[in-house]
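Full structure from sequences and hints, please.
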Amino acid sequence: MSAVSGDEARLLLIQASYFLTAFLFIMGLKRMSSPVTARSGIVWAGAGMLVATIFTLLYPGMGNYPLILGAIVVGASFAWVSGKRVAMTNMPQMIALYNGMGGGAAAAIAAVELYRGEALSRTVGTLAVVGGIIGAVSFSGSLIAFGKLQGLIKKSYRFNGQQILNLVILAAALFTGGVVATGYSMDVFHVTGIFALALLLGVTMTLPIGGADMPVVISLYNALTGLAVAFEGFVLGNAAMIIAGTVVGSAGTLLTQLMARAMNRSLGNVLFSGFGDTGGAASGGAGVTGNMKPIEAADVGVMMAFAQKVIVVPGYGMAVAQAQHKVWELCQLLIDRGVLVRFAIHPVAGRMPGHMNVLLAEAGVPYDLIADLDEINAEFETADVALIIGANDVVNPVARNDKSSPIYGMPILNADKAKNVIVIKRGQGAGFSGIENALFYLDNTRMLYGDGQAAVSQLIQAVKAV
Amino acid sequence: MSAVSGDEARLLLIQASYFLTAFLFIMGLKRMSSPVTARSGIVWAGAGMLVATIFTLLYPGMGNYPLILGAIVVGASFAWVSGKRVAMTNMPQMIALYNGMGGGAAAAIAAVELYRGEALSRTVGTLAVVGGIIGAVSFSGSLIAFGKLQGLIKKSYRFNGQQILNLVILAAALFTGGVVATGYSMDVFHVTGIFALALLLGVTMTLPIGGADMPVVISLYNALTGLAVAFEGFVLGNAAMIIAGTVVGSAGTLLTQLMARAMNRSLGNVLFSGFGDTGGAASGGAGVTGNMKPIEAADVGVMMAFAQKVIVVPGYGMAVAQAQHKVWELCQLLIDRGVLVRFAIHPVAGRMPGHMNVLLAEAGVPYDLIADLDEINAEFETADVALIIGANDVVNPVARNDKSSPIYGMPILNADKAKNVIVIKRGQGAGFSGIENALFYLDNTRMLYGDGQAAVSQLIQAVKAV
Amino acid sequence: MTGIVALYIFMLAAFTGYEVIAKVPVILHTPLMSGSNFVHGIVLVGAMVALGNATTGLEKVIGIVGVVLAAGNAAGGYVVTERMLEMFKSSGAKKRPGAH
Amino acid sequence: MTGIVALYIFMLAAFTGYEVIAKVPVILHTPLMSGSNFVHGIVLVGAMVALGNATTGLEKVIGIVGVVLAAGNAAGGYVVTERMLEMFKSSGAKKRPGAH
Ligand SMILES: NC(=O)c1ccc[n+]([C@@H]2O[C@H](COP(=O)([O-])OP(=O)(O)OC[C@H]3O[C@@H](n4cnc5c(N)ncnc54)[C@H](OP(=O)(O)O)[C@@H]3O)[C@@H](O)[C@H]2O)c1
Ligand SMILES: NC(=O)c1ccc[n+]([C@@H]2O[C@H](COP(=O)([O-])OP(=O)(O)OC[C@H]3O[C@@H](n4cnc5c(N)ncnc54)[C@H](OP(=O)(O)O)[C@@H]3O)[C@@H](O)[C@H]2O)c1
Numbered sequence: 001m002s003a004v005s006g007d008e009a010r011l012l013l014i015q016a017s018y019f020l021t022a023f024l025f026i027m028g029l030k031r032m033s034s035p036v037t038a039r040s041g042i043v044w045a046g047a048g049m050l051v052a053t054i055f056t057l058l059y060p061g062m063g064n065y066p067l068i069l070g071a072i073v074v075g076a077s078f079a080w081v082s083g084k085r086v087a088m089t090n091m092p093q094m095i096a097l098y099n100g101m102g103g104g105a106a107a108a109i110a111a112v113e114l115y116r117g118e119a120l121s122r123t124v125g126t127l128a129v130v131g132g133i134i135g136a137v138s139f140s141g142s143l144i145a146f147g148k149l150q151g152l153i154k155k156s157y158r159f160n161g162q163q164i165l166n167l168v169i170l171a172a173a174l175f176t177g178g179v180v181a182t183g184y185s186m187d188v189f190h191v192t193g194i195f196a197l198a199l200l201l202g203v204t205m206t207l208p209i210g211g212a213d214m215p216v217v218i219s220l221y222n223a224l225t226g227l228a229v230a231f232e233g234f235v236l237g238n239a240a241m242i243i244a245g246t247v248v249g250s251a252g253t254l255l256t257q258l259m260a261r262a263m264n265r266s267l268g269n270v271l272f273s274g275f276g277d278t279g280g281a282a283s284g285g286a287g288v289t290g291n292m293k294p295i296e297a298a299d300v301g302v303m304m305a306f307a308q309k310v311i312v313v314p315g316y317g318m319a320v321a322q323a324q325h326k327v328w329e330l331c332q333l334l335i336d337r338g339v340l341v342r343f344a345i346h347p348v349a350g351r352m353p354g355h356m357n358v359l360l361a362e363a364g365v366p367y368d369l370i371a372d373l374d375e376i377n378a379e380f381e382t383a384d385v386a387l388i389i390g391a392n393d394v395v396n397p398v399a400r401n402d403k404s405s406p407i408y409g410m411p412i413l414n415a416d417k418a419k420n421v422i423v424i425k426r427g428q429g430a431g432f433s434g435i436e437n438a439l440f441y442l443d444n445t446r447m448l449y450g451d452g453q454a455a456v457s458q459l460i461q462a463v464k465a466v
Numbered sequence: 001m002s003a004v005s006g007d008e009a010r011l012l013l014i015q016a017s018y019f020l021t022a023f024l025f026i027m028g029l030k031r032m033s034s035p036v037t038a039r040s041g042i043v044w045a046g047a048g049m050l051v052a053t054i055f056t057l058l059y060p061g062m063g064n065y066p067l068i069l070g071a072i073v074v075g076a077s078f079a080w081v082s083g084k085r086v087a088m089t090n091m092p093q094m095i096a097l098y099n100g101m102g103g104g105a106a107a108a109i110a111a112v113e114l115y116r117g118e119a120l121s122r123t124v125g126t127l128a129v130v131g132g133i134i135g136a137v138s139f140s141g142s143l144i145a146f147g148k149l150q151g152l153i154k155k156s157y158r159f160n161g162q163q164i165l166n167l168v169i170l171a172a173a174l175f176t177g178g179v180v181a182t183g184y185s186m187d188v189f190h191v192t193g194i195f196a197l198a199l200l201l202g203v204t205m206t207l208p209i210g211g212a213d214m215p216v217v218i219s220l221y222n223a224l225t226g227l228a229v230a231f232e233g234f235v236l237g238n239a240a241m242i243i244a245g246t247v248v249g250s251a252g253t254l255l256t257q258l259m260a261r262a263m264n265r266s267l268g269n270v271l272f273s274g275f276g277d278t279g280g281a282a283s284g285g286a287g288v289t290g291n292m293k294p295i296e297a298a299d300v301g302v303m304m305a306f307a308q309k310v311i312v313v314p315g316y317g318m319a320v321a322q323a324q325h326k327v328w329e330l331c332q333l334l335i336d337r338g339v340l341v342r343f344a345i346h347p348v349a350g351r352m353p354g355h356m357n358v359l360l361a362e363a364g365v366p367y368d369l370i371a372d373l374d375e376i377n378a379e380f381e382t383a384d385v386a387l388i389i390g391a392n393d394v395v396n397p398v399a400r401n402d403k404s405s406p407i408y409g410m411p412i413l414n415a416d417k418a419k420n421v422i423v424i425k426r427g428q429g430a431g432f433s434g435i436e437n438a439l440f441y442l443d444n445t446r447m448l449y450g451d452g453q454a455a456v457s458q459l460i461q462a463v464k465a466v
Numbered sequence: 001m002t003g004i005v006a007l008y009i010f011m012l013a014a015f016t017g018y019e020v021i022a023k024v025p026v027i028l029h030t031p032l033m034s035g036s037n038f039v040h041g042i043v044l045v046g047a048m049v050a051l052g053n054a055t056t057g058l059e060k061v062i063g064i065v066g067v068v069l070a071a072g073n074a075a076g077g078y079v080v081t082e083r084m085l086e087m088f089k090s091s092g093a094k095k096r097p098g099a100h
Numbered sequence: 001m002t003g004i005v006a007l008y009i010f011m012l013a014a015f016t017g018y019e020v021i022a023k024v025p026v027i028l029h030t031p032l033m034s035g036s037n038f039v040h041g042i043v044l045v046g047a048m049v050a051l052g053n054a055t056t057g058l059e060k061v062i063g064i065v066g067v068v069l070a071a072g073n074a075a076g077g078y079v080v081t082e083r084m085l086e087m088f089k090s091s092g093a094k095k096r097p098g099a100h
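Residue numbers (the numbering used here), protein chains in the order written: chain A, 1 to 466; chain B, 1 to 466; chain C, 1 to 100; chain D, 1 to 100.
One or more hints might be untrue.
Claimed, not checked - Simulated restraints on C-beta separations:
#, chain 1, residue 1, chain 2, residue 2, range
1, B, 320, A, 336, 43 to 51 Å
2, A, 58, B, 122, 24 to 32 Å
3, B, 183, A, 10, 23 to 31 Å
4, B, 183, D, 86, 51 to 59 Å
Note that these hints are calculated values from the structure, not bench results.
We treat Cβ as the ideally placed atom computed from N, Cα and C, and that holds for glycine.
Rendered as structure tokens:
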């Protein structure tokens, strides 16, 4: 009797710990969605994870403890070390990698349940199969996304009828899943078939998508992994998994939409067209006339030192040059001289949403100096200098007026409205979309050629010399 | 067998309908929290209520249908008619009344369960008792709030040790409830005692609170009723009640805090001090010098017709005079002349939160002309005319600088910063807080005496005559 | 419904309610208070069940009182909220020159 | 957990997730994606149970793979999120004259 009631007490304790975990997760996400509390949010969520992991070890009747602990140590230490080491610019692919691992784990749970071959109730069987498919798709899809962003997969494979192929694979996976879930046949062949097809689907879905759209795709797979975890939570009767998975599934779906909207794309577009690679410098050029006028760092230094208001527009080039610290040093000099300095951030500047914010924050720029597109666009007219550092597409005025341009319709930063525009870049290199930038040819624009970090260092000297 | 499975099918149907109801309620509240979709929100929620009510009639084993339908007709038609008839200015007390009825209904459910005298499980008994107490407090408290706002109860009864008395009553109610919930005794005496004590508590808690704080108190009782409904939902195993009640309980708690904050008060202050009646014209006057300078409607008409920007500040007096339609007519004339017109709304202008917005909306003022305190305060400096119609406390500059004033620290509209300030009021009447208003004595202020509606009509003629 | 599941539902519903309200502008405070007041009118279904299962006279009387009050909560809450929100019709169509 | 209760939990959790994110500023999109990525690392507890109850060799192997992957999701998600959010330290203290 004491054994039974001991088991019950343990189960109760586990349930209570899962309740706490669910609460901590939600509070953590809440905190993460405001800049002021964001830092503490991940700590709350982390505490929740710790609680759940420890109490799960108490499950009555469980064995294989050495395997469990060993596997945790292996997985966690690999991820911990790689996560600590990765450069900020490579964050998106690491997120993709870890997300794929989660999807794979959900698929593994489904696989264990299904390979066991015990008859599951029809509902549970269906949930296990669907969760398993979603998890496997997210696994292989995320790995492809990782490979693309990491530069391991260079080309985007695309051919006619690709969508039809995907549909066929999906149908085959669902059909095989149906055979298993209805209990018609649970043999190894069918079960393996489900996962093989799902893994294949993740690959064929993701290969055609261009690098530009990868952040959105990663976010989508993040939501899918959440859903898969929720489904497997139902299978295991595990409330923490159900709630955490569903919350992530729903939050992730919204986040995916928000990201796509920030890039002025629809989700359907991202998944089924493939903008990120259509580029090539071919399409641009129309209507762009005049020539680029270079300027010396010393002149720019004087101009900025006596300006009333300077708006800095950072872009991908700043990230490449790792110039954010120098940029902030320059801005501090200007601020000390009484110049009003603002940073204008385009939502898709750089290569991931929030990329610029992360870099500027890293350099210690207070986030009240940082304004996003809607806030700052009206202010360019009153700015004496717009200082553009390694940004290109996000300040390209053709997006406003050239209907034939591939970036037509994307909201851009109105840097061309400033009295003087200074552009720092290395040469004639195009931006991500590969088209010409009309801004560089305007009368009020001057080009300061050079690597981002070197050019800004020169500016610092120039301002100091004033 | 067919009877049993018929019952099961019905129960399933009822559960599905409750699920739909919960979904519609949440979606309705979501829509109600944005001005654009607000109107449709109540329709969604209403549809949910209808669905749940109809399907509840299908419960197997239920009787007394004539009584049920008769009671619904009586209650609903009384409320429907009174709700349709009530004037906009009397809305707060009607909300209090209907809210109290909900609390009473929750208490009635608890009473039926408890008077039945069947042994309840300890958890269920406790939930029934606590829900019953909360419901009864909300019932009698809301009725007192209704009486106060309706003018049926004029005085605020207050004496030393009131809080201690309330605590004693609460303790007695909880003790009696404990006796019942633990199953120690469920006789009529004890059960009746719980409700009698709770009803008394609602009265003694609410009587000392001043009229100014009533909107906050009503909101609090609204949250409490939600909680009571959720608890009785647990008792009945009714998921729709649990979810709707909890959602309202939590949303209402936040709303109460938001309201209190908009009035620059803490909830503790509202419940335990009683600012709304401390007033009396005694405290004011300090530092207010000079005299009030009257002006003629014709002069104001000219001034406004040739202004670039006019900011209208409505207050309680506009509500009393029902002048909102005339005000909008005047503003339309000005807009047609090219004058930039904005309405500046203080969060506690009038006698309920959003009072002015409701009135202006009633008159058809587009809500993009309406700005709240934070948005508009910087704009007064650029306004040629600030037209104050029946507002007093919300534009009183002593709140900014006179530490001894009872309204010191309340954020106010900076109407005194406008080039010209025109104040429409009937005479020397003080505002809600009963103190002098330094604004009326400023050099740039002119008084246009008269009833709100009449004065604005004169202004309309004057503008037309320009 | 087991205790722990009830707790989960309670927690999630509380979060939902809180978050839904968290963004509401001041001008909607009163209509929203009224709207949520309407929502707890769902107590009507509980009162109906209580009255429907009532057997003794006392139970019936209390049950009737409960249903009358609950129906009043629901109907009154609806009418008042609807009247208030009726006034927040979108002004997009009739935007006037003074608008910005 | 009965079906309908599971549905309720599913609905409420979905609302909660949606509403929590609904207000997030663009600058937090990536950290938040990473944070929610961490949260579904809770799949670890499921993988632990699966491995803990595994008996055949195949089950054990898949179970081990599951736990390794899940632990990677959890640990990696935490580190990466933490590193990104680390940079959003409040700037209130070091507000500079250029701020408005
Ligand atoms: N944020 C996202 O989530 C995301 C994801 C994927 C794709 N995208 C896309 O990426 C683009 C972002 O626009 P953007 O304006 O930030 O960048 P961009 O259009 O890619 O332009 C970057 C510019 O920086 C210059 N540059 C490169 N390295 C530099 C260095 N070391 N020093 C100085 N300059 C350097 C390049 O010119 P030189 O070669 O002449 O120096 C180039 O013109 C958009 O098209 C967006 O759609 C965004
Ligand atoms: N909004 C809420 O939730 C709420 C709730 C309760 C209390 N309060 C309190 O109410 C006050 C609201 O401030 P408020 O500035 O709106 O109003 P107020 O300070 O109460 O002043 C109203 C003014 O309107 C004038 N008036 C009255 N009837 C008029 C008529 N028919 N025509 C023209 N003028 C008329 C009165 O002066 P004459 O008599 O000289 O005409 C009075 O000075 C605040 O103190 C607030 O704390 C607010």
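Verification of the hints:
1. Take residue 320/B and residue 336/A: their Cβ atoms lie about 56 Å apart, and the range 43 to 51 Å is violated.
2. The given range of 24 to 32 Å is respected by residue 58/A and residue 122/B, whose C-beta atoms sit roughly 27 Å from each other.
3. For residue 183/B and residue 10/A, the hinted distance range of 23 to 31 Å is satisfied, since their beta carbons lie about 29 Å from each other.
4. Distance hint check: the CB atoms of residue 183/B and residue 86/D are about 55 Å apart, consistent with the given range 51 to 59 Å.
Of the numbered hints listed earlier, the single one contradicted by the structure is hint 1.
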